[in-house]
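Visitor: Whenever a hint applies, use it, and build me the whole structure from the sequences.
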Amino acid sequence: MELLDFLMECAKIERTIEISRQFLTKFPSFHPYQTFKQIDQHDEGYITAQTIQVFLHRFGHLHTLKECGILFYKPEFKYVDFLRFLLPTNQLLRDYISHSDQKTLQSNECLKEIAKHISLEIVLMNNLVPPQSLEKLANGTREDIESLFKKERLFVYQDEIDAIIKRLDFYGDGQIDLLLLKNWVLILNQQNKSKNERESSSAFVTPKKKVQIKNVIKTTERKGSINKTPKLINISPKKRNLIEKQKSTKKVVNYEIQKQEIRGKIAQKKQEAQTEKKMIKEVLTNKKNIKSLQKIKPKSPYEIIEYLLDKEIKIEKIKQQLALQKDFNTLDAFHALDVYGKGSIGVEEIDTLLNQKSGQSAHIFNRFNSDQLTYHDFLNLLQPFSVNFAEILNTRQSNVDGNQKKLNQIFSNQTIKLLIELLTLLQQIPVKLNADIQLFTKIDNITRDNFIGVSDLQQYLYESGLRYTHHETMLLINAYDKDKDGRLSLQEFLDI
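If you read the sequence shown in our numbering, its first letter stands for residue 1, the second for the next number, and so on.
Derived by calculation from the structure, the hints in this document are not laboratory data.
No experiment lies behind these values; they were computed from the predicted model shown.
Some clues are possibly wrong.
Unchecked claim - Listed below are the simulated DSS-like cross-link pairs for lysine-lysine, each with C-alpha atoms no more than 25 angstroms apart in a straight line:
#1 LYS112 with LYS26
#2 LYS357 with LYS342
#3 LYS136 with LYS166
Unchecked claim - Label-pair restraints from in silico Cβ distances:
#4 LYS317 with GLU152: 56 to 64 angstroms
#5 GLY486 with ILE437: 20 to 28 angstroms
#6 ASN408 with TYR462: 43 to 51 angstroms
#7 GLU261 with TYR462: 43 to 51 angstroms
#8 LEU71 with ASP310: 28 to 36 angstroms
#9 GLN428 with LYS482: 16 to 24 angstroms
#10 HIS470 with ILE420: 29 to 37 angstroms
#11 LYS442 with ASN408: 47 to 55 angstroms
#12 ASN189 with THR141: 55 to 63 angstroms
Just so you know, even glycine gets a beta-carbon here, dropped at the ideal spot from N, CA and C.
Guide: Laid out in structure tokens, this is it:
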């Protein structure tokens, strides 16, 4: 990128960030000091790229440490540096913020918007393409930048020059420090190089196929142009008819060949589609699914975690669908499955419902270290993780009187189908992660509190090229969190 294009891009970024800064001042509880305290949770008196990263993860903005580091021209920011970073240039807004009470706690909405603002700046700065050279800049003053544009005979507004200086003036003294700028451009170059290398070597990037475009434009003949098609001159009518017949038969033969080729391709595609359907059916059946999981095990830890996460997300979706079925409630389902009326459900009853060999549903009971499910266990098994859906399910009352009834007498076919699908998934023996302490410490990279939380797992998956929301990641933690403290201890992690 040319130097002037780079400067104009900096001005554009500064304008966008300035609008975002001004928007933050609309929140009554907004104050930079409170934000600084929220980021500096250890009360060290300064913030770093790592503390910014942790703060952003709290609100679901995933960035690597290198991406966050683009904001820092020195290892750590004190409150004065942070003020220059967060306050708008408008003096009236600055006065308004300075007169506001810095002791009032900031609302969650305000903190979310601040995180969004910082994340926006990180994205814009990381996508900035560095200039090829900075040699044309003499001293980094306003006059220097104006003379650069004048030499190239380019018109530039004064507010654009203000924006350029505001974006690249790291010390806030009204001019650009060229030494700091050169170091910053070097960091940008390194970021872009590593980004390009990642994109080129990424397993998720599919190589583009070269498409050959045939020229299908038909040109019309000009008047007076010589027609090169041979004219049938001095040929008898019989010969002429023969020639025309031969041409027509050739056309018919070619058409038939093309037709057969097309039919062959269609038949091939149909066959491929049928084989795919058969494969999908095989995977969906319980026996084949378990066998395939035993035969084909993912190699790397993140692939196993991805598989387990996807399974928990699928289970949660079915639980939510079941909760929305108006005819379904857990009490009626429990009584219907408790065939012998003993106040609990055994392995035999679940196996009968799923129409399978005895003992295949044992893994469901292993969760509760028992061979019988009480109503409390059954409720925990079917209750969605989402609070809203759990509330819908728990507030629904029983529709059946005291008499014993079968499932098909109480619930619709769709409800029974969802219940069977859920129990089938829950009885599957999960793939073992075979984790060790090294993997635990690798994932516990954000909080470093000897526990794996949502932000730790999200960051690990993000660096592996996988993006999951806070709620989705929490599903996996909740599945293996025995003491229900919202995080995984070392022992809980090793049990996965």
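Visitor: Against this structure, judge whether each hint is valid.
Guide: Evaluated hints:
1. LYS112 with LYS26: 14 angstroms, holds
2. LYS357 with LYS342: Since the Cα atoms of LYS357 and LYS342 sit roughly 22 angstroms apart, the hinted pair holds (cutoff 25 angstroms).
3. LYS136 with LYS166: 19 angstroms, holds
4. LYS317 with GLU152: 56 to 64 angstroms: Since LYS317 and GLU152 have Cβ atoms about 58 angstroms apart, the given range 56 to 64 angstroms holds.
5. GLY486 with ILE437: 20 to 28 angstroms: 22 angstroms, holds
6. ASN408 with TYR462: 43 to 51 angstroms: This hint holds: roughly 46 angstroms between Cβ atoms.
7. GLU261 with TYR462: 43 to 51 angstroms: 48 angstroms, holds
8. LEU71 with ASP310: 28 to 36 angstroms: Holds, at about 34 angstroms.
9. GLN428 with LYS482: 16 to 24 angstroms: Distance hint for GLN428, LYS482 holds at roughly 20 angstroms.
10. HIS470 with ILE420: 29 to 37 angstroms: Since the Cβ atoms of HIS470 and ILE420 sit about 31 angstroms apart, the hinted range of 29 to 37 angstroms holds.
11. LYS442 with ASN408: 47 to 55 angstroms: 50 angstroms, holds
12. ASN189 with THR141: 55 to 63 angstroms: About 25 angstroms separates the Cβ atoms of ASN189 and THR141, which means 55 to 63 angstroms is violated.
Hint violations for this structure: number 12 only, all remaining hints satisfied.
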